[in-house]
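S.K.: Turn these sequences into a full structure, and let the hints steer you where they fit.
In order, the protein sequences belong to chains A and B. The numbers in the numbering used here rise by one with no breaks, and the one at position 274 of the first sequence is 482. The numbers in the numbering used here rise by one with no breaks, and the one at position 29 of the second sequence is 13.
Nothing false has been slipped in among the hints.
Pairwise CB distance ranges (calculated):
id: 1; chain 1: B; residue 1: 235; chain 2: A; residue 2: 278; range: 31 to 41 Å
id: 2; chain 1: B; residue 1: 4; chain 2: A; residue 2: 506; range: 40 to 50 Å
id: 3; chain 1: A; residue 1: 325; chain 2: B; residue 2: 50; range: 22 to 32 Å
id: 4; chain 1: B; residue 1: 45; chain 2: A; residue 2: 412; range: 48 to 58 Å
id: 5; chain 1: A; residue 1: 235; chain 2: B; residue 2: 77; range: 29 to 39 Å
id: 6; chain 1: A; residue 1: 297; chain 2: B; residue 2: 220; range: 30 to 40 Å
id: 7; chain 1: A; residue 1: 321; chain 2: B; residue 2: 50; range: 28 to 38 Å
Honestly, the hints are just simulated from the structure, not real lab data. The beta-carbon is built from N, C-alpha and C at its ideal position, and this holds for glycine as well.
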Amino acid sequence: MLKRNRKPGLKDLISSSKERRNLKLGLIFISPWIIGFSMFILYPIFASLYYSFTDYTMISAPKWIGLSNYTKLFFRDEYFRISLYNTLYYTLFSVPLGIVFSVAIALLLNTKVEGMPVYRTIYFLPSITPVVAISILWMWLLNPQYGLVNSILRLIGIEGPGWLTDPAWAKPSLIMMSIWGTGRAIVIYLAGLQDIPQELYEAAEIDGASSLEKVRRITLPLLTPSIFFNSIIGMIGAFQTFTQAYIMTGGGPLNSTLFYGLYLYRNAFNYFSMGYASALAWILFVIVFLCSLLVFKSSGRWVHYGQ
Amino acid sequence: MGKRILRNRLQDNWRKSKKKKIFIHKSLIHLALISISVIFIFPFYWLVSTSLKSNEQIFTFSPVWIPNPPQWVNYIKAWTFVPFATYLKNTLIICTSIVIGTVLSCSLVAYGFSRIKWVGRDTVFMLVLVVMMIPFQVRMIPLFIVFRSLGWLNTFLPLIVPTYFGVAFYIFLLRQFFLTIPFEFSDAARVDGASDFWIWSRVILPLSKPAIATTALFQWIDQWQDFMGPLIYINDPKKFTLSLGLQQFQSQHLGVEWGLLMAASTIMVLPIIVLFFFTQKTFIQGITMSGLKG
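M.R.: Here it is, written out as structure tokens:
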């Protein structure tokens, strides 16, 4: 950075008194974060790693049991497998479908149609509505007998499924609901679309490109950074899905919506198996980490950064 | 002459057909957008309309589109059956304390990450961002145990106190904004002998009103609807938030009192929607700011 011939060591950089002063000042300003980081992030992470090797019900002190929690989890816990499967299923469908849906809407909104801000407002609304209220509202909409969805289907002569009460339809129902709430992503994509320089399209038009070609060769490639950002955020969020299942289905019917987050919560706060729940949390941590790594690694192939 | 007329006419026709094509194209797009709008907005209509229906109009196989006569009594019942005033008060206390804490701590930290150059700054900042990706479940249990041993269960402290030590997302948001403020401003103040705290409070904060408004707004909405936090730390009904209160109400009236439930949900949703309509611009700017320049 400063010297050309040799790599500057830490000592060189903080040698001058001005730099020492800046370091001190910088640390003072970020000190709230340093304290918060150690108390609310670093400590809990290591503590939960420790608890994951113990039997801890909060009545007596944690008792070291080695890998027992992990062996139970991998070999003797059917619900672990069910909840992991449900969560992967939910993530694998809700995230990509959400991306396709919101990119498509953003593309439609970006065609310079009149009233774009009004549409944008409407699509954004569900994403700021409290989850508890949304969950209750959708329970009512999807009510098998009296719900609006099945009433409308009945009007056109279709007998709708039991939705949240049908093991085959419960997960798709929650996925559908999550797509309804993708407004935030639409706004992000729309902003990304408006950042694309107009000259690119004009140049493509001179070369005789059709609208479809323009979308495929200019718009989508330049939108990939936003898609990348949203897929990471969406994936991490989907893995932690909890509230909807807790309120709407309680994990049922027949455990079809027993998500990982819900199963973990039950172990911790209904059965008070803090050690076992910590082991579950760490497995979740590893899975989320590996999946993020996978998306990051793959990003070199499909994410285009302009310039 | 004749040739020119013909050419003009042809051109005219071409222009007309192009105009027609654009018109059809635009109409199709509007049609698509409007159909999607109906799907997005109709659940809200159904929320409000169900909240004004009697049970006879709710439990019917052919949907009643407009409640007649509107049962305002559902709102009175919902409000009196359940201590919503208490829940509202609790939620307001929590939201306000959290917004103050978030703005104060995050703007200080963001200043340290953007307006002062120090060794290792950007590496530490990366850590702030990476840590954001750790699932909450990993920290949940030790945090619960710590707060329990501090005697903080059934108080708002576990929800409020951590935000006074910086929230990663808002540190990021404010830092991005602080970086766009010309450095000449702070340099000039420094030449005049101003301290960094003075610059933070008198130069940077006043210039960052949009970013601070965004932070306050996002955090407010996030906390207004937070469910898991209150669920874990609070089980005294007098301390419930709106989210938790509404969920408890729902689980007690499972599948029967839909009118009351919808009225209660409307009470919770309405303030957020009103707030959103008044602050739309801040919202859209904030999301644009957070989503792209990373």
